[in-house]
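A.B. asks: Read off the chains here:
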Amino acid sequence: MNIKVVIKVLGFLMLVCAGCLLLPALVSLLYRENDWIWFLASAGIGAVVGGGILLLLRDTPDLRVREGFAVVAFGWFFIGLLGALPFWFSGQIPSFTDAAFESISGFTTTGASILTDIESHSHGTLFWRALTHWLGGMGIVLLAVAILPLLGVGGMQLYRAEVPGPVAERLTPRIRETAKRLWGVYFLLTVLEIAALMVAGMGPFDSICHSFATMATGGFSNHNASVGGYATPAVEWIIILFMFLAGANFSLHYLALTGRWRVYHKDEEFRFYTFIVLVCVLILTGVLISINFYPVWHDALRHTLFQVVSILTTTGFGTSDYLSWPPVAHALLLILMTIGGCAGSTGGGIKVMRVFILLRHAKLELKKMLHPRGVFTLWFNNRALSPALLTNVLGFFLLYMVVYIAGVLILTFGGRDIVTSVGATAATLGNIGPGLGLVGPTSNYAFLMDWEKWLLVLFMLIGRLEIFTVLVLFLPGAWRRS
Amino acid sequence: MKIVIIGAGAVGFQLARIITRREHDLILVEMDQEQVDKVSEHLDCRFVVGNGVSPTVLREIGMKDCDLFASVTDRDEINIIACQTAHVLGARVKVARVRQGHYYEDNRLVLEGIDMAINPLHEAVHSIREILFQTGATEVHEFAGGKVRIIGTRVEPGSKVEGKTLAEINRTLGGNIALVTTIVRGDETLIPSGDTVIMADDQVFMAGTRRLVDRSLIYFRADTRRLSKVMIVGANAMGRELARDLMAAGVKVKIIDRNEEKCRRAAEKLRHALVLHGEGTDTELLESEGVKEMDGFVSVSSDEETNIMACLLARHLGAGKTVCLVNRPDYVPLLPILGVDSAVSPRLSTSTWIARFVKRGAVINAENLGLTGAEILQLGVGRKCSWLGKQLMDLDFPSHAVIGAVLKRGRVVTPSGDTVLSAGDEVVVFALPDAVDLVEEFFAGGDS
Chain X
254 MNIKVVIKVL GFLMLVCAGC LLLPALVSLL YRENDWIWFL ASAGIGAVVG
304 GGILLLLRDT PDLRVREGFA VVAFGWFFIG LLGALPFWFS GQIPSFTDAA
354 FESISGFTTT GASILTDIES HSHGTLFWRA LTHWLGGMGI VLLAVAILPL
404 LGVGGMQLYR AEVPGPVAER LTPRIRETAK RLWGVYFLLT VLEIAALMVA
454 GMGPFDSICH SFATMATGGF SNHNASVGGY ATPAVEWIII LFMFLAGANF
504 SLHYLALTGR WRVYHKDEEF RFYTFIVLVC VLILTGVLIS INFYPVWHDA
554 LRHTLFQVVS ILTTTGFGTS DYLSWPPVAH ALLLILMTIG GCAGSTGGGI
604 KVMRVFILLR HAKLELKKML HPRGVFTLWF NNRALSPALL TNVLGFFLLY
654 MVVYIAGVLI LTFGGRDIVT SVGATAATLG NIGPGLGLVG PTSNYAFLMD
704 WEKWLLVLFM LIGRLEIFTV LVLFLPGAWR RS
Chain E
25 MKIVIIGAGA VGFQLARIIT RREHDLILVE MDQEQVDKVS EHLDCRFVVG
75 NGVSPTVLRE IGMKDCDLFA SVTDRDEINI IACQTAHVLG ARVKVARVRQ
125 GHYYEDNRLV LEGIDMAINP LHEAVHSIRE ILFQTGATEV HEFAGGKVRI
175 IGTRVEPGSK VEGKTLAEIN RTLGGNIALV TTIVRGDETL IPSGDTVIMA
225 DDQVFMAGTR RLVDRSLIYF RADTRRLSKV MIVGANAMGR ELARDLMAAG
275 VKVKIIDRNE EKCRRAAEKL RHALVLHGEG TDTELLESEG VKEMDGFVSV
325 SSDEETNIMA CLLARHLGAG KTVCLVNRPD YVPLLPILGV DSAVSPRLST
375 STWIARFVKR GAVINAENLG LTGAEILQLG VGRKCSWLGK QLMDLDFPSH
425 AVIGAVLKRG RVVTPSGDTV LSAGDEVVVF ALPDAVDLVE EFFAGGDS
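Protein chains in written order, with the working numbering: chain X, 254 to 735; chain E, 25 to 472.
Derived from the structure by calculation, the hints contain no laboratory data.
No experiment lies behind these values; they were computed from the predicted model shown.
All C-beta atoms in this analysis are idealised placements derived from N, C-alpha and C, irrespective of residue type, glycine included.
Heads up, a few of these hints could be off.
[Said to hold, decoys possible] Below are the DSS-like pairs computed for lysine-lysine, each with C-alpha atoms no more than 25 Å apart in a straight line:
1. K616(X) - K293(E)
2. K293(E) - K621(X)
3. K620(X) - K276(E)
4. K253(E) - K616(X)
5. K621(X) - K26(E)
6. K276(E) - K293(E)
7. K616(X) - K276(E)
8. K519(X) - K293(E)
9. K620(X) - K253(E)
[Claimed, not checked] To spell it out: a stretch of chain E is covered by chain X in this simulated footprint if at least three of its residues, at any positions, have a beta carbon under 8 Å from a beta carbon of chain X; those stretches are:
10. 295-302
11. 337-348
[What the hints assert, rightly or not] Cβ-to-Cβ under 7 Å is the rule here; a few derived chain E residues that face chain X:
12. A291
13. E292
14. V436
So here's chain X without its partners, still in its complex pose:
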C-alpha cells in the first residue's frame, strides 16, 4: 500500500467536505443564528488540513485497488469526524462521541440519532444533519470523482469501493462522466421532491431537509415524531414515492430519463424489489385491518406502505410506531432491514440484487438434487452470472451475517437485551436508523454507553461501504508495500 497517495486523496476529500460546510454556515446566517462561526471554523480546519496535505504531497503514483479501499474507508471515517466538529464546537451536541455518532450516522445515511429533542436545535444544525445525508447518499467520494479531474485512472477503484451492489456499472466509458450523471440524476430527483413537498404545504426549509434525507435514504427528520409529525397524507404519499425511487438503482433512473422507460420492467432486481414491497404491504395491511388497528382501511394501507418502503429502502422515516403493531410486523420489518435497497441505490442492507441471486442459487441447489449430473448456471437479467460474481455474493452474505452475529453477541455481552441488540445491529449495519426494542422508531440512541455508540459507528461504516471495503483493511496483506 502506498500511504502517500492515500493521504493525498484524503486531503482532496477534506477540501470537498470543507466546502460543503460553508452551506450550513450560510443557512445559519440567513436565520440570524449565532452558530455560523462554528461551521466556518470547522470548514477552516478542513481546508487547512486538506490544503496542507496537498501542498506537502505533490507527486504521487496512480491509485490502485488497495489504495482505493483505504481511501474510501478512511475517507468516510475522517469526513465523519470533520462533520462532527460543528455539532461539538457549537455545543448543540456537548459530547464528542455523540457528535461523531450523529455525523457518521448522517453521512452513512443511517439516520440513527442521539438527539432527544430535535425541534430545539438550530436551523444550521438541522440543515447540516440533512446535508450529511445528501452528501453520503450518492457518495462523497463519487462526488469528488465527479468534480475533481485530478483523480484520473484511480476513479474506477474508488467508484467500485464506494458504490453499493456486487457490480459497479459504467454508464459511460469515462468514470468521471458516469459519476457526473449519477449525481445529476440524484440532484434532479431531489429538486423534484423539494418542489412536490412545497406544493403539498411543507415549508421550504423542512422540504429541503426532508428531501435530502429521503433521496439519500437517510431518515433524519426535523421533527421528534418524524414525518408523522406533519399529519398530512399528501406529504406521506410524496415521501413514499421518492423513498421508493431512492431505493432503486440510479442507473435505471438515468436510462429512464434518457428515454428508455422499459428498463424498469426489464430489470429483474427492480421487479423483485417491487414484488417484496407489494407482498409485505399486502400481509401487513391485512393483519392491521383484521385486528382493527386502524379504523379506516386507507390509513392502514398508507401507514404500512410508508413503513415497508421506509424500512426496505433503509430510510427510517416513521409515521407510526411499528413497535405497537403485532409481532409479525416486527419480524417482517426485521427481514426488510436485512434485505435493504437495490444495488446502485442510496439504500443500505444486503441489497435486493444479492438476495435475489442467493434465492436463485438456492433454487438451483435444489434442482441439483433432482438432476445430480445437471450443469446449471445462474441467470440474472437475461445473462449468465459468472461463477466469480456468485462467489462474491455468497462471500458478502456470509461476512454480513458474521458481522451481524458478532454485533449482537458483543452488545448482549455488555448487558443489552436481545431484542435491542438485534434491532440496533440490524438498524446500523443496514443503515436504517430505527431498530427494535429500546431503539425503536419513537426512541433514540442517546442512552447507549459510549463504547456501544462507537461500535455502532463502526457498523454504520461497514454497512455503508459494503463490508469488503472496510474488512479488507484488517487483512495484513492489504498494508504490504508493493
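Using the hints, position chain E against chain X.
C.D. replies: Coordinates of chain E only, in the frame set by chain X:
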C-alpha cells in the same frame, strides 16, 4: 462453366466429385501438397497448390471468366476473405462455407461480395427439426416453396400395410394417397410398381401436397405422438442451435455432453434447457433423466459411433423418434437395420447444396434422398423436348427414375399414366444414382 473450389478437404472433395461428373472445368486450390496427392487420383480436374486467399494465386487462375467460386475450407475466415478477394478480381458467383453463427444476422451474411453462405450446421438443424415435428417421418424434403412435400417413413413390423402391394393399398384408400416413389430396403433402393409388396422395415418415400402426405402417413404409421420433450446428445454448436430452435417452438429440451466445459458453456447460453454432464451412452443417466418419456432423441456429437450407440440405447429404453448424425457413408445402410430412425450428415449435404449452383441443364433444385446416393430433382420442362404432348405412359422414361409430382401453373398434380406434360411445367423426379444423368438429358430436350 469454369468452377474454382478452395479447399480439398472432405467437403471440397465431395463437391469436386459431384461437379466433375458433369462436363465442367474445375480448378481445385489446396495449400497442402499431401492432401492434393491424396485426392488427385480420384478427380479429373486441375490442381493448384497454394493459398486460396492470395490475389496472386487467384489472378493466375483467372477470375474474370470464373462462373462459380466456392471456398469450402474448414476455416470461416479464410472462406470469407477468399470470396471477397475473388469478388474484387471479378468472379461471378461466390459461395462461402461459413459455420460460425456469429457471422450471421437473421441467418444472412452481411458481407459484401458473397452471394451465398452455406451453413451446413443450420441446414442440418433445420432438417432435424422437420423430421422431429413431422409425426412418423424419418425424412422430410420440401420443393417449390413447400408446395411439394416428400416424406420418408419406416414401416413397422405388424403394420397394416405390411405384406400388401401398393395397388392394394391404393384401392383401400380409394386412390386418395400420396405417390409412393421410392423404397429403401436394407442397402437397396428401388423404384416400386403397382405390384411391389411392402415389407416390414422398408423406408417408404411419398410425394404430394402436405395434406395428402399427412393423410397417407397416418395409414402407414399408427404413431401420432406430439413432440413435447427431446433429449439431445452433444452440446456442440449444432446441439445448441437445435435446442434453441426446439425450445422456441415450446419443446422441453435436455442436453447431454461428456465435456464439462462444453456443458457449462451450453448452460450459459440456453436458459431453459437442462444441461447434463455425462455420456450419451450411460444407461443409468438416460434412465434417471426419463429417456422413455422423450418424444425425440437426437445424437449430434462429433463421435459417430457414440451417436449410433446412443440412439440404439435410447430406442431400447423406450424413447420416441431417434435421429443420428453420421458423416461416414459406409454406416448409412446399417442404420435402418439397427433401428435408428433417421440420419443427417451436414458434411455430405454441404456438397449437394453448393452443387446446386452448378448449371445442370433443366435442373432447378436437387436434394439427396437420405444418404442413399439417389437424388430428388426438381426440373423444368423445356420447350424443345421432342416428347411434348404425349401421355406419360407412352414416354420412354429412364427406368431407374420416377416422376413424383407435377407442378402445373403452381398447382401440384399427382402424376398418373394419362398425365400430359407441357412446356413450362415443373416436375419432381426421384432418380437412382445411375439414372440421374439420363433424367437430366431427358428434360434438357433438344439442347444436348
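A.B. asks: All hints are to be evaluated individually against the structure, with a verdict given for each.
C.D. replies: Against the structure, the hints:
For a cut-off of 25 Å, the pair hint linking K616(X) to K293(E) stands: about 19 Å separates their Cα positions. At most 25 Å may separate the alpha-carbon atoms for a hinted pair to count; K293(E) and K621(X) meet this at roughly 18 Å. For a cut-off of 25 Å, the pair hint linking K620(X) to K276(E) stands: about 16 Å separates their Cα positions. Straight-line distance between C-alpha atoms of K253(E) and K616(X) comes to about 23 Å, which keeps the hinted pair within the 25 Å bound.
For the given pair, K621(X) sits about 59 Å from K26(E) by alpha-carbon distance, which is inconsistent with the 25 Å threshold. Only pairs whose Cα atoms come within 25 Å are accepted, and K276(E) paired with K293(E) is accepted, the gap being roughly 15 Å. Our distance criterion of 25 Å between C-alpha atoms is met by K616(X) and K276(E), whose separation comes to about 19 Å. Between the alpha carbons of K519(X) and K293(E) the distance comes to roughly 19 Å, so the proposed pair stays at or under 25 Å and holds.
For the suggested pair K620(X) and K253(E), the alpha carbons sit about 18 Å apart, so the restraint of at most 25 Å is met. Only residues whose beta carbon comes within less than 8 Å of a beta carbon in chain X count, and the stretch 295-302 of chain E has 6; three or more means the coverage holds. With 0 residues having a beta carbon nearer than 8 Å to a beta carbon of chain X, the stretch 337-348 of chain E misses the requirement of three or more and the stated coverage is violated. The restraint placing A291(E) at the interface with chain X holds, with a minimum CB-CB distance near 4 Å, inside the 7 Å limit.
Contact between E292(E) and chain X, as hinted, is supported at the beta carbon level, the nearest pair being about 4 Å apart and thus within 7 Å. For the restraint placing V436(E) at the interface with chain X, the shortest Cβ-Cβ distance is roughly 44 Å, beyond the 7 Å limit, so the hint is violated.
Violated hints, in rising order: 5, 11, 14; the structure is consistent with all others.
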